Amino acid sequence: MGVIGVISLWIIPVIIGFILIYGTLKKVPTYESFVEGGKEGINISFSIIPYLVGMLVAISVFRASGALEFLMNFMKPALEVLNIPAEIVPLAFIRPISGTAALGLTSDIISTYGPDSFIGMLAATMQGSTDTTLYVLTVYFGAVGIRRMGDALKVGLLADVVGIIAAIVVVTLMFS
Numbered sequence: 006m007g008v009i010g011v012i013s014l015w016i017i018p019v020i021i022g023f024i025l026i027y028g029t030l031k032k033v034p035t036y037e038s039f040v041e042g043g044k045e046g047i048n049i050s051f052s053i054i055p056y057l058v059g060m061l062v063a064i065s066v067f068r069a070s071g072a073l074e075f076l077m078n079f080m081k082p083a084l085e086v087l088n089i090p091a092e093i094v095p096l097a098f099i100r101p102i103s104g105t106a107a108l109g110l111t112s113d114i115i116s117t118y119g120p121d122s123f124i125g126m127l128a129a130t131m132q133g134s135t136d137t138t139l140y141v142l143t144v145y146f147g148a149v150g151i152r153r154m155g156d157a158l159k160v161g162l163l164a165d166v167v168g169i170i171a172a173i174v175v176v177t178l179m180f181s
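Per the working numbering, the very first residue in the sequence shown carries number 6; after that it's consecutive.
Keep in mind the hints are simulated off the structure, nothing from the lab.
A few of these clues could be false.
As the list claims (entries may be wrong) - Straight-line Cα separation of at most 30 Å, BS3-like style, residue types lysine-lysine; simulated pairs: (1) K81 x K32; (2) K44 x K32; (3) K44 x K31.
Keep in mind it's a predicted model, so treat the numbers as computed, not measured.
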């Protein structure tokens, strides 16, 4: 096992041990704090369930209604001019909404086209260069009671667009 393997094996236990020792030295009731944090985590989990269900229903309706397919077909001529595969469009639209759905699409693309193909690498790079913006805003902002999230939504979606464009540029440059 190499140095990186040893480090990755021991890093989490060392961090946890350090936190426990540091807390004990500072006279913090570490076990009680851990239990209190667990209680808060469970309460937060229950409070975000309605937001999660709402997002999952919205994703299902978007896909089942044919709106995603329509959008993909509508954009296909412009994508061909830019030499961007149309099969990547669903991933670009689903990724800001749901990480699980995007991972499923990425897996389908990679199993269909192969991991070393242009579209496989593009899908993997897009998966890693974007975030689940709408999911994060809905769940986390909803959990803490923030109702107005306009600016955060704009910045998050802009970051996703930049990530998608960067993924396309980087993978295209690598394949050229």
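Here's how the hints hold up against the structure:
no., hint, result
1, K81 x K32, "violated, 63 Å"
2, K44 x K32, "holds, 21 Å"
3, K44 x K31, "holds, 23 Å"
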